[in-house]
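*Asks:* Spelled out, the chains give:
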Amino acid sequence: MDCPEGFMEFMSAAAPRLRRTAYLLCGDWHAAQDLTQATLVRVFVGWHRIRDPGSAHAYAQRTLVNSYLAGRRRKSSTEVVSGELADQPGPPGTAGLRLVLMQALGVLTPRARAVVVLRYWEDRSINQVAALLGCSAGNVTSQSARALAKLRAHLGDSWLELCSAD
Amino acid sequence: MHDTDERSMRELLARGAAGGEPPLGSLLGDVVRAGFRARRRRRIASAGGALGAAAVLAAGITAGIGHAPWQGRPGAGQAAAAGSVTAPWTEVRARGATVPSWFRFAAPQAPHQGWTGPRARTTAKSGAELLLGDVAAGTKAGLLQGTLKNLGNELGVQVDLRGPAGKGSAEMQMSAPGGRQPGVCDDSGTIVCRTYHLPGGTRIQEDLSVAGVGPAAHEYILSVLVMRPDRGVSATFTAMNYFVTGNARGPASTAPPVRMATLVAAAQDLRWGWTMNSGFVAHAQHLRLGGDSGQAWH
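Residue numbers (the working numbering), protein chains in the order written: chain A, 543 to 708; chain B, 175 to 472.
Only chain B is shown next, with the shape it has when bound in the complex (with noise of 0.2 Å):
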């Protein structure tokens, strides 16, 4: 009886799993533009973060050294600025890489003010609003996933973008304190990477990499890692030239729909944080996120 039990399931599982099966569609291009997203986010995560250690670079990639010098450019109601300054950076190209020509590095701001009055604890629809604000204004945004990982220490926030800027994708990463720091540029799909130090004490490490292979190559990812002075909190804002949902993406020579510079200012907003205001988090909660499905574009 047990041995005809046996028989007629894997009977009844082969016939289950045949027939009706759709196509792999986009499957196989999706997994290797998110592998390499993944294990670029691994590489950073466990980076030194000793700026020096860009001293020790891989074979194969050129370094150089030099001073920034550069004013901040405070916003209506954003904190003082902090003044013009100089400050050593570090540049990493990889030896015969094209950096395209829509590239630049971003020049260093100073970052908005905090949250002020009652905080409450950051949702993932808080960070989405917030991510939309910084990132996306007058584009129109689809797509929109927030997401709080390992039990509440990391909140990622991803959206597809479409505007006069181009289209793609921009995501955000916020750690928890003493999670993620600024490391060397040693990813193997950098074209060109700095990492400095702002007034104050601040990290940055700017990033320009490529991904894809095959008919998606050259698919651009531009990368912004800050670490706060106080260890507090890690962002990572990424923008790429592709839909991190696969039903689109830029020609070879598009750039990502979001620059450097905005990254860079949005990775620094300082209202980003493990609390927010309360109003904010409360009226950020009638924000619609969608899963794979939520096409929807407002």
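Chain A with its partners taken away, still in its complex shape (with noise of 0.2 Å):
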């Protein structure tokens, strides 16, 4: 039995990208290789649909989403929200700043997460996240906008400084 013809190539290519993408949903890096892999398998079964090599990015990138949304609604029931941090973070350095941000980002509701995701670090069109998210243009800038205040007022002063740390 044989892997589809291009598959591998695509994985190897695809999985480093994916798996940053899934780290910053997920912030963390176990739960993102399980969400990659979760990702490439559904990949795998559909490849034969894909038609088009080029578009099989997209296609994974939307399934990595999808699963990830599809997961935290799942766990909402389970999961104990809270809009207070334990601790302050103290200075920002690259591992405090990694920190820094996941906490942050992780007062995002996961689909606001998943726009700030799409949006910033993927650096899709507005549009692109529409489709993507299966949402309007207007609900994807609505939301990025509150997002992006959302963190601002979060992280405070700590904004400027994660901005300018090195």
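Please note that a few of the clues may not be correct.
[Claimed, not checked] Computed spacing ranges between beta-carbons, pair by pair:
#, chain 1, residue 1, chain 2, residue 2, range
1, B, 281, A, 547, 34 to 44 Å
2, A, 588, B, 278, 32 to 42 Å
3, A, 684, B, 321, 52 to 62 Å
4, A, 612, B, 277, 32 to 42 Å
5, B, 274, A, 692, 18 to 28 Å
6, B, 198, A, 644, 13 to 23 Å
7, A, 554, B, 452, 46 to 56 Å
[Unchecked claim] Simulated coverage check for chain A against chain B, where a stretch passes if three residues somewhere in it have a Cβ under 8 Å from a Cβ of chain B:
#, stretch
8, 548 to 558
9, 564 to 578
10, 639 to 648
11, 662 to 670
[To be verified] Which chain B residues stay away from chain A? Per the calculated CB distances, all over 10 Å, these:
#, residue
12, 182
13, 202
14, 269
15, 270
16, 276
17, 279
18, 288
19, 292
20, 294
21, 337
22, 448
23, 454
24, 457
25, 459
26, 460
What the hints contain is simulated information worked out from the structure, not anything from laboratory work. Glycine included, C-beta positions come from ideal geometry on N, C-alpha and C.
Two independent chains are provided; combine them into the complex using the hints.
*Replies:* The following block contains the structure:
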């Protein structure tokens, strides 16, 4: 039994980027690894339906985001969301930056977080994000604006420190 | 201001995602293995179920039809034997494929008795406990996982096993009424496959297939699908010669840790059902189920 033609090449090229996106969505590397694997397995199963290799990455990205949002919906009944952080962030170094950033992203709703990651990490246009998430462009615009405002309010002065830190 | 925020956000995310990234490890191999298994499950689930359809097999596959006389072999406390019977079976073998020397189809057995006494809804833990009882005698089990899926219409349990018979993984999937049906043996990875009815109408499909690419090639998968005559429950039992966790795999020639006969007997176990003996279900709640980090062997 052979791997579907072209899948290994696609996976080798796409997996690192997909996992980084998953990391920004999930906030930890273990969950990101699981999410990436689940995503790529779905792509594997549906590979025969992908006629244009160029669309494979978009398909994978959509699958990743949908899997993330579906997973968050399932967990929503067991997790308690808190607006308060137990500790204040220290001076942001590289590791510190990640920690503070992940905590800040954690205050967003899963959908808003997906919007932020797709818009500002994946550099997708508003229309592309809207198509990926199955909502209107106006909805993406308002969600991203609200998310940025929430992040800025949450981070306060840390926002400037983070942006200027090397 | 908004543009500044957007630009800053891009920089923050780029720096946040950079560095501290663990290696991909076995991710790519795990994806391929899990992909083959998922594709296989999907094909089984969507197959028509008509044994007669084996006559319209894809090119490159030869089919043989015969009769298998067999004797029911009940164990202590089990149901009476069905007795010596003869039933038609259909065997499909991929052209050019080599059946490993260790492989044998199962000698069909009469099923165990079902549960008696007060009933309670089957849980992931009770399913896992029964899986261990059915397939893992004398072996050590680790990374036990049980899940109720698809709104509770499917129960899945998987466990890594190591023991005298080898090492690898075993899985069980039980579907609700009207769920999976035995299909034709047309999966692309199949080496040899056979389908038959037991006396009483139980339908069984046994399958040996191979998965993997590159260095991981020739990983063997044994699979049994049993559908009860009343269509009340269908169960798929699978054994493979690699850990589902991907941290160990057997060489090409190694057999899975569970033989086909054990899988068939386990899949026919009438104790599998959407309800079980309530005492057993309560007892099973003490079973420890691990997640991806649950490496403890017990």
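*Asks:* Now look at each hint and say whether the structure bears it out.
*Replies:* These are the hints, each one checked on the structure:
1. For the pair residue 281 of chain B and residue 547 of chain A, the beta carbons lie near 40 Å from each other, so the given range of 34 to 44 Å is met.
2. A hinted range of 32 to 42 Å for the beta carbons of residue 588 of chain A and residue 278 of chain B is consistent with their spacing of about 35 Å.
3. The hinted range of 52 to 62 Å is not satisfied by residue 684 of chain A and residue 321 of chain B, whose Cβ atoms lie roughly 37 Å apart.
4. For residue 612 of chain A and residue 277 of chain B, the hinted distance range of 32 to 42 Å is satisfied, since their beta carbons lie about 39 Å from each other.
5. Between residue 274 of chain B and residue 692 of chain A the Cβ separation comes to about 59 Å, which falls outside the hinted range of 18 to 28 Å.
6. Our hint of 13 to 23 Å for residue 198 of chain B and residue 644 of chain A holds, since their Cβ atoms are close to 20 Å apart.
7. Checked against the hint of 46 to 56 Å, the pair residue 554 of chain A and residue 452 of chain B passes, with Cβ atoms roughly 51 Å apart.
8. Against chain B, the stretch 548 to 558 of chain A contributes 5 residues with a C-beta closer than 8 Å to a partner C-beta. That satisfies the three-residue criterion, and the hint holds.
9. Proximity of the stretch 564 to 578 of chain A to chain B, defined as three or more residues with a beta carbon under 8 Å from a beta carbon of that chain, is established by the 7 residues found.
10. Coverage of the stretch 639 to 648 of chain A by chain B holds in this model, with 4 residues showing a Cβ closer than 8 Å to a Cβ of that chain against a need of three.
11. Residues of the stretch 662 to 670 of chain A lying with their CB closer than 8 Å to a CB of chain B number 3, which satisfies the three-residue condition for coverage.
12. A beta-carbon of chain A is positioned within 10 Å of the beta-carbon of residue 182 of chain B; the least distance is around 5 Å.
13. Its beta-carbon lying about 6 Å from the closest one in chain A, residue 202 of chain B breaks the requirement of being farther than 10 Å from that chain.
14. Every beta carbon of chain A lies more than 10 Å from that of residue 269 of chain B, the smallest distance being close to 14 Å; the non-interface claim holds.
15. Residue placement check: residue 270 of chain B keeps its beta carbon more than 10 Å from all beta carbons of chain A (closest about 13 Å).
16. At roughly 19 Å, the least C-beta separation between residue 276 of chain B and chain A is larger than 10 Å, which holds for a residue marked as non-interface.
17. No beta-carbon of chain A comes within 10 Å of the beta-carbon of residue 279 of chain B; the shortest separation is about 20 Å.
18. At roughly 32 Å, the least C-beta separation between residue 288 of chain B and chain A is larger than 10 Å, which holds for a residue marked as non-interface.
19. At the 10 Å boundary, the C-beta of residue 292 of chain B stays outside the reach of chain A, the nearest C-beta of that chain being 29 Å off.
20. The beta carbon of residue 294 of chain B is kept farther than 10 Å from every beta carbon of chain A, the shortest such distance being approximately 23 Å.
21. Under the 10 Å C-beta cut-off, the non-interface status given to residue 337 of chain B relative to chain A holds; the minimum distance is some 27 Å.
22. Distance check for residue 448 of chain B against chain A: the nearest CB is about 21 Å away, which clears 10 Å, and the non-interface claim stands.
23. For residue 454 of chain B, the condition that its CB be more than 10 Å from all CB atoms of chain A holds, with the nearest at approximately 27 Å.
24. Its beta-carbon lying about 25 Å from the closest one in chain A, residue 457 of chain B satisfies the requirement of being farther than 10 Å from that chain.
25. No beta-carbon of chain A is positioned within 10 Å of the beta-carbon of residue 459 of chain B; the least distance is around 18 Å.
26. No Cβ of chain A comes within 10 Å of the Cβ of residue 460 of chain B; the nearest lies about 21 Å off, and the non-interface call holds.
Checked against the numbered hints above, the structure breaks hints 3, 5, 12, 13 and satisfies the rest.
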